[in-house]
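**Q** Chains as they are written, first to last, in our numbering: chain Y, 19 to 343; chain P, 19 to 343.
Where hints are given, some of them may not hold.
No copy labels: a pair is met if it fits in one copy or bridges any two.
As the list claims (entries may be wrong) - Below, a list of computed lysine to aspartate or glutamate pairs in the DMTMM-like style, where the Cα atoms sit at most 25 Å apart:
#, residue 1, residue 2
1, K97, D109
2, K43, E111
3, K97, E111
4, K20, D227
No lab work stands behind these hints: they were computed from the structure.
Protein chains: 2
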Amino acid sequence: MKIRLLSQHDIRRTLTMEQAIELMKDAFVALTQGTIQVPVRTNITNVSGTMLYKPALMPSSSIFGLKAVSVFPGNADHKLPVTTGVMLINDSETGLPRALMDAQYLTALRTGAASGLATRLLANPETKVAALFGTGGQAACQLQAMLAVRSLQQVYFFSRKLANAEAFCHEQAELADSCKLVPASSRDVLSECGLITAATNSKTPLFADEEIATGVHINGIGSFRPEMAEVPSDTVCRAEVFVDHREAALHEAGDIVAPMKSGRLPSDFTPAELGEVLLGQRPGRTSEEQTTFFKSVGNAVQDIVCAAEILSIAERESLGQIVDI
Amino acid sequence: MKIRLLSQHDIRRTLTMEQAIELMKDAFVALTQGTIQVPVRTNITNVSGTMLYKPALMPSSSIFGLKAVSVFPGNADHKLPVTTGVMLINDSETGLPRALMDAQYLTALRTGAASGLATRLLANPETKVAALFGTGGQAACQLQAMLAVRSLQQVYFFSRKLANAEAFCHEQAELADSCKLVPASSRDVLSECGLITAATNSKTPLFADEEIATGVHINGIGSFRPEMAEVPSDTVCRAEVFVDHREAALHEAGDIVAPMKSGRLPSDFTPAELGEVLLGQRPGRTSEEQTTFFKSVGNAVQDIVCAAEILSIAERESLGQIVDI
């Protein structure tokens, strides 16, 4: 039995952000249409951490995929990654194992691509200035996604420590091409930004409603648990809200769960899914002045569509290692 | 990130059957004591087959393990394996991925080892002649297990086609050492056998109750679904029945489910678990004349204890391939 191994390095040689954004259309339409099998994920927890096993099958792709993610908070004390992930791929026609790939970059890529698609669909087309909160593992792909869909001249970076934002801007400068990357020391600059992406583990809002510009589009990819928060409820309640998957967002996303719990959003709150916008079932942005908010908690279908294409490219171009198992 | 890959060939160089049988003690005690986390397995089915994902954590071992098994019946038409399996191992202290190993041989090994342990505990010590039904993927390890725990002089092999039994005896002759392997053309020889192992996909009993010897011990590892059957109900009802895991056996094992459904076994039928015998909570064989029946449907704890030891030996002896992922 042979299996293809794809490292982060190999995966970076396959899908571009532009391609990943295109694939997110398939993913979000499949999510809305329910044409994907995503069983409830399985968690096993011990004293040190949690393993999450997330299997999925998308009939239109050629693979079964299982993402195995570890979350071990104490690793940080030993300079080991708190989160790791690998994805096991089996062929959907024969069941044979086909690949094992790193899932950490895959996750960052598909999460960035989701924001990229939402930004393409919802942000004002003339947006030139953006802001990114968070300089962790998701930030680079979030930046790439913003750059892929809007002609940005300047992006401000917010981190809890200014030094982190400075280091990140320095690291990413080359990839950003002619766009200027600026570590932000004050939230005053938010009034210039037509696009804000939040990619943090924050439990309190990252800015105040009055600090953001008219007509801004916000992507929120943190706040994937009810107790987390990135965007102020004042903003969420006056914005047009879009989500990746309604059922998940209404249960897991703190930015939405909190104002629903407090009664500021109605109990029958029904934000549009991005798939509904793609299918023309719900409108996207309807005016230049509107505030739009895309809230994503992430879904296995995003992994599957990307993994299928990554594997297809890797097979065509003989990338990765083929090993006996 | 680095991960160790262990092929079937590598695994064969680690655990012996004797070692695997010893490990089954830990496995069955853990099952009885409930000191293992085995979430419900996840199945995903499409038009071609089913993927089964079985995660488990045994606190006393150092690993999380996920076994991903494919069952694609149509593969037989294309000379591809109907069933394949791999096991993904993560470290229980850090969550980091540690290994991916072939799980097909692992499954056969741990299934054989379970029969070996049951035979050691339950078969008459002086047993010299045995029978094995089935010459499929499980047969070699079942034979090894019988040979490991009893000084057998002769083993009869039953297959639906005599030619298969002949081929199997030929293949295994060298490993069987001084024990004679005999393809069986008639069930008359069962009256000589103090030990019978059934490893088939049969849906009807493989022999009649009156064909077997007084004091025989039977291992049944087929009949893992309610509609399957290997051992006649007459035998099951008069035998002392032992199981790997009561809850699973009473729901899944056709050999037990059928006589319970027909009322021949009481609705509160409570066969002993092998773990209870090991812990001295229930007796094993109580007389030479007794018929004992060990019914196993298999459990993730058996995989985990073997995988942990396989990995430990492989790390110590630098077996397998270490690759970047």
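**Q** Hints first: check each against the structure and report whether it holds.
**A** Here's how the hints hold up against the structure:
Within a single copy, K97 and D109 get their C-alpha atoms only as close as 36 Å, which misses the 25 Å cut-off; across copies the closest is 16 Å, which meets it. Taking CA atoms no more than 25 Å apart as the test, K43 paired with E111 passes inside one copy only; the shortest distance there is 24 Å, against 38 Å between copies. Taking the closest pair of Cα atoms, K97 and E111 come within 25 Å of each other only across two copies (14 Å); inside a single copy the shortest separation is 41 Å, beyond that limit. Taking the closest pair of Cα atoms, K20 and D227 never come within 25 Å of each other, the shortest separation being 54 Å inside a single copy and 45 Å across copies.
Of the numbered hints stated above, the single one contradicted by the structure is hint 4.
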